[in-house]
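Peer 1: Sequence:
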Amino acid sequence: IGSNAGITLVAARLDNGQQGRVSAKGLLDANLKGLDQRGGGVLVSETGVTLDLNGGTLVNRDGGLIATPGALLLRQLGAVDNGAGGEISSDRAFTLAAASLDNRGGRLIGADSLTLRIAQALDNSLGGVISGAAGLDIAAARLDNSAKGTLASRAGIDLRVDGALDNHAEGTVSGARLTLASASLDNSGKGLLSGNAGLTVVTGALDNAEGGQLISQGVLDVSSADLDNRGGALSGKQSLRL
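Residue numbering for the sequence shown follows our numbering, starting at 78 and increasing by one per position.
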């Protein structure tokens, strides 16, 4: 499906998988109750994309692509599966709010700022990448960023997790300034938390053993009920507060 102008889609469910393609030069407006793009489905616009799923499921895994250089408006998303090479991206600031997000091996890319509001679990493990160049703001019930997951920004990162945050096995969270609050934090096994201008961590049990690193060129401020730093590193170039 293609148009040199805009496209409006209204359907109960759209199967755009297996290299299906919906593209528009104008605004692409889709009002659906489910979208399946697994296997290389493409939903793109040169102007902007509005996707309202009315609480339904978005499957964008296995090479699915939702992208625009313009505004990306995502509304009423239920469960989102963007794993295994899926990509959701925009050149402008955008927000993704969903019941749950599986981004294992997937990419969520904001060339401006990116905001995530995940009611349940956010899984960005297995090499998943979530990046907001001008800022990254994440709130989730649980967050798994282990096994080389990456959360990154050239600006600030604000990370709030109601439950456990798992960043072990070479997970990376890196920004100009990083503020993190969670019930517990596993940064062991070469996990990296880096805030160049400042790093603040407020958590319960903190496991930073076996090569874990909390590093800042500014102030490192760590508040933890229980800290295991055996074989780990805590470094604040300006000052360190525990």
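Just to be clear, a hint being listed does not mean it is correct.
[Unchecked claim] Below, simulated DSSO-like cross-link-like pairs (lysine-lysine); rule was C-alpha separation at most 27 Å, straight line: (1) K225 - K314; (2) K314 - K267; (3) K267 - K225.
[Unchecked claim] Computed Cβ-Cβ distance ranges for the label pairs, DEER-style: (4) S80 - A302: 23 to 33 Å; (5) Q197 - L150: 39 to 49 Å; (6) T124 - G281: 42 to 52 Å; (7) L317 - G103: 49 to 59 Å; (8) N81 - A176: 52 to 62 Å; (9) A174 - V279: 20 to 30 Å; (10) A89 - N273: 24 to 34 Å; (11) Q197 - A82: 33 to 43 Å; (12) A144 - L317: 21 to 31 Å; (13) G132 - Q315: 44 to 54 Å; (14) L319 - R237: 46 to 56 Å.
Simulated from the structure, these hints should not be mistaken for laboratory data.
Computed from a prediction, not measured in an experiment: that's the story for all the values here.
Ideal placement from N, C-alpha and C gives every residue a C-beta, glycine not left out.
Peer 1: In ascending order, which of the hints set out earlier in this document are inconsistent with the structure?
Peer 2: Hint check: 4, 5, 8, 10, 12, 14 fail, others pass.
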